[in-house]
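So that you can map any letter, position 7 of the sequence shown is 7 in the working numbering, and since no number is skipped, the others follow by simple counting.
No false leads were mixed into what you were given.
Estimated spans, in silico, between C-beta atoms of each pair:
id	residue 1	residue 2	range
1	V169	L15	25 to 31 Å
2	P27	M170	27 to 33 Å
3	A177	R79	26 to 32 Å
4	L53	L130	35 to 41 Å
Keep in mind that the hints were calculated from the coordinates and are not lab data.
Ideal Cβ placement from N, Cα and C applies to all residues, glycine included.
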Amino acid sequence: MGRQPLPAATGVRALAALRAYGAHPDPATRIANTIALLVGFNGPFYPLYVWFLVPEAGTAALATMAMSPVFLAIPWLSRRNAAAGRAALPVAGLANTVWTAALLGPATGVGAFAFPCIALAALCWREPRLMLGLLGAGLLAQQAVLHMPVDPLAGLAVASQALLESLNVMSVGALMAFVVITVAREMRGG
Numbered sequence: 001m002g003r004q005p006l007p008a009a010t011g012v013r014a015l016a017a018l019r020a021y022g023a024h025p026d027p028a029t030r031i032a033n034t035i036a037l038l039v040g041f042n043g044p045f046y047p048l049y050v051w052f053l054v055p056e057a058g059t060a061a062l063a064t065m066a067m068s069p070v071f072l073a074i075p076w077l078s079r080r081n082a083a084a085g086r087a088a089l090p091v092a093g094l095a096n097t098v099w100t101a102a103l104l105g106p107a108t109g110v111g112a113f114a115f116p117c118i119a120l121a122a123l124c125w126r127e128p129r130l131m132l133g134l135l136g137a138g139l140l141a142q143q144a145v146l147h148m149p150v151d152p153l154a155g156l157a158v159a160s161q162a163l164l165e166s167l168n169v170m171s172v173g174a175l176m177a178f179v180v181i182t183v184a185r186e187m188r189g190g
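All chains, please: the whole structure from these sequences, using the hints.
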């Protein structure tokens, strides 16, 4: 009978494989890949937070996990076309923002997730026209969420929306902090 690997050794190997999956020679693409992986792996936890805070929104929040595979595929796409991978991150983020607003409602503060997408569009692009297009798309998506013409699927009470607004604003702050830390690390050379 062979010796079983220690859980810590398995975790180290898994982390090394994850780093290798997100690796890219271009620093801007590496930033996009790192953030895409963070968002993709956190996607399944968001419904749990929502369910804990506002149980009546839990079922609708499960549908937000649909975007996780898209985020997790961004490093794969980046290896085939770096520009497409960098563009996919803010586009997927904006689509996820609008999708979550349609599920839970704009009063839950999910529109604030457009701001990290806008920041990433500015940070990950050297091509001015595409960067400006992504920035404009981010601002339009944020406004679309604020003025959504349909009722959200969850149909939450005002108090429930306020609870989720706190969660979403805190999450946006944490994501922005991670973006800044990731960019600063790249600027220092890894």
